[in-house]
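Enquirer: Residue numbers (our numbering), protein chains in the order written: chain A, 4 to 314; chain B, 57 to 459.
Since the hints were made in silico from the structure, they are not lab data.
The beta-carbon is built from N, C-alpha and C at its ideal position, and this holds for glycine as well.
Accuracy of the hints is not assured; some may be wrong.
[As the list claims (entries may be wrong)] Just so you have them, the derived chain B footprint on chain A, three or more residues with Cβ under 8 Å:
1. 216 to 222
2. 259 to 268
3. 305 to 314
[What the hints assert, rightly or not] The calculated lysine to aspartate or glutamate pairs, modelled on EDC-like cross-linking and capped at a C-alpha distance of 16 Å, are:
4. K351(B) <-> E280(A)
5. K149(A) <-> E280(A)
6. K433(B) <-> D295(B)
7. K225(A) <-> D405(B)
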Amino acid sequence: MLTYLIILLDDTSVSFCHYPVPEKERRLIALDDLKAGVLFAMKENLNVQFVYPDYELPTAYTEIIDSIDHTDIVPKRLGVETDVIVMKGWDDDVPEDCMCILHTTRQQLADNLQRVETLLSKISRLNIVLTDVETFKDEDIDSYKKTLGSLSDSIVKLYQNGKNVQLNLLTDRMMLNKMNNCGAGNTSVTLAPNGKFYVCPAFYYDNEADSIGDLKSGLDIKNKQLYQLDYAPICSHCDAWQCKRCIWLNQKTTLEVNTPSHQQCVLAHIERNASRELLNNIRDYGTFLPEQEEICEINYLDPFDNKDKWL
Amino acid sequence: MNIKDSSKAWQEGIAKSITFIVTKDCQLACKYCYLVGKNEKERMTWEVAKKAIDYILDCEEDFREESVVWDFIGGEPFLEIDLIDKICDYLKIEMYRRDHHWFNSYRFSFSTNGINYDSEKVQRFIQKNREHLSIGITIDGTELKHDLNRVYKHSGAGSYKDVVRNIPLWLEQFSDASTKVTISSADIPYIKESVLHLYSLGIKEVNINCVFEDVWREGDDALFEEQLVQLADAIIDGDYYTDYTCSFFSESIGKPMDPVRDNNNWCGAGRMLAVDAAGNFYPCTRFAGYSLRSKKPIIIGNIDDGIDSNKLRPFLTLNRMAQSSQECIDCEVASGCAWCQGENYDAADTNTVYQRATAICKMHKARVRANNYYWNKLFRKLELAGRRDEYEKQKQKVKEPIC
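Extracted from the complex, chain A is given alone in its bound form (with noise of 0.2 Å):
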């Protein structure tokens, strides 16, 4: 069911996700669209996400952007205090108890790990967004292992110091009962600074023509069951909950939205394996959690692997 609307406000707007953002000329939202999008998403009772450029906006945009309730998710050259702050590279000065966005490559994670454990305890929440998946090699798996082993170990501390910790990649697993993630093109769709909709911001950039229609003659959106989890084979077979399960890098990968590549498989999967290290940890030293049930082992890195017991 459609439940988020994001609103690009600009070609410049910031990224929060898989999808680079070309190199573009600025170009802000036509009033009337954004206006027509606030409507569209009241009448449809969506809850709007507004993604903001790096630059002030005009006050009648604030003005419209306030009438209706929202999430602002906001560059942090941008410097205002806000509900999602996407950083630009590695910054520790960030607002404390804020929730923020980090693109970073697999390297520079392994690299920086003190000055995440640094963010962790500041912050409310860190959504780490790797840009390298694609290149993800199975020779790489030791590697990304020991880091989320490292990252583990600080929240594991941060924990035992009373501070309640959020990192996407190791902590959203052990909350969850059900798959949690990208909704695009079912749960979500986005409105484009030229005034159409588009499954998610990744395919506006991609390709402008690419439209799941516009404000005038609504969403019509062709095989929507196919952003469907009940309709993608691998993913409904796949306990990898926190999976990010990007649509977009699953159509770039498989050249289909419902299918996701063996690197994106295997980075979740051991994800979600350093989740399972880390809940019996944290349980080591008290109730953690009591409600959830324990995630349990497996012998498997792509689900894929596994189908022809589920085919």
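Place chain B on chain A using the hints.
Expert: For chain B alone, kept in the frame of chain A given last:
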């Protein structure tokens, strides 16, 4: 008494099918042909063929099927008989030299229009590879029916006479040979006489199917059903059912399908492999550019970089439920309703193989009604003759052939 079963297929399910698209040229321009991009330029070179073979045999670990069918397709494959002969010699030598697990578990397979079947070169090739060969000649039935569609590309003249003269030689060399008949809208009135004509030529197994494309006109289903009922009468009244088969009639079709137990994909795309003159790999020939009307080809790799396994994942995890509409899932006569993954992709609203094309729906339902008639009539005849028990005892489980 022996009622013929059409389900036999060489190493079905355990053989890898690898197709060389050796040419996109053909002497004919059949009106129903799905190959929209045939041309005289794209002919495979020996260098491309050798590189493809070396890649496939080098990657033995990735091709674990017990057996292999080396398939040659066009256009018309026998236009490139010199290249094919060289490819087959190289394959045999290399499989032997490498002690490859496919050595002595391979077959060379051809679908040909039959026009140059009796040429010296083709005949020499057949003699050389006789023990590892299957060849299907396409003949559509009577001269009228055949020439309705299967015409020469330059003159537009029918090709029946040039094909039928080669049928006795073909049957002499391959006594169990079968033919494949394709039905489009204009062919419907000729189905019964065409199948009987093929039987009269000595072809005992007629594999026949309606095209998957959206070509059907108002009333075609009723005409089709009527033709099949007449064919059923002719086969049963003429006692052809003891020695001949026609794939339109099968006990297993027209039943509801269980969403869990019967969730397999129909089509083998992705489990097969095709390579074209440019050295690109495809999940099946139907995904090559010359087969597609409205979509880009799906290239899963090439002879230089190998196969991108990520691009095979959607094919290898496809199931019936994930690509079917609710109407198809709930259909009470679903079994035996086939699809072609390539046509699904070509006809889909988005660039996906997960949307089943349903243009064939009304034709399948008509086939089911005629099929029900066929088995009811046949079983009643057998019962009245006291031979029903005998039939049930010798009946083998009939499996629908997969693409």
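Enquirer: It remains to establish, for every hint, whether it holds in the given structure.
Expert: Here is what the structure says about each hint:
1. Residues of the segment 216 to 222 of chain A lying with their CB closer than 8 Å to a CB of chain B number 0, which falls below the three-residue condition for coverage.
2. Given as covered by chain B, the segment 259 to 268 of chain A passes the check, having 8 residues with a CB less than 8 Å from a CB of that chain where 3 are the minimum.
3. Residues of the segment 305 to 314 of chain A with a Cβ under 8 Å from some Cβ of chain B number 3, which satisfies the need for three, so the listed coverage holds.
4. Restraint check: the Cα-Cα separation between K351(B) and E280(A) comes to about 47 Å, which exceeds 16 Å; the hinted pair is violated.
5. For the hint linking K149(A) to E280(A), the alpha-carbon distance of about 12 Å falls within 16 Å, and the restraint holds.
6. Between K433(B) and D295(B) the CA atoms are separated by roughly 12 Å; this keeps the pair inside 16 Å, and the hint holds.
7. For a cut-off of 16 Å, the pair hint linking K225(A) to D405(B) stands: about 6 Å separates their Cα positions.
Checked against the numbered hints given earlier, the structure breaks hints 1, 4 and satisfies all the rest.
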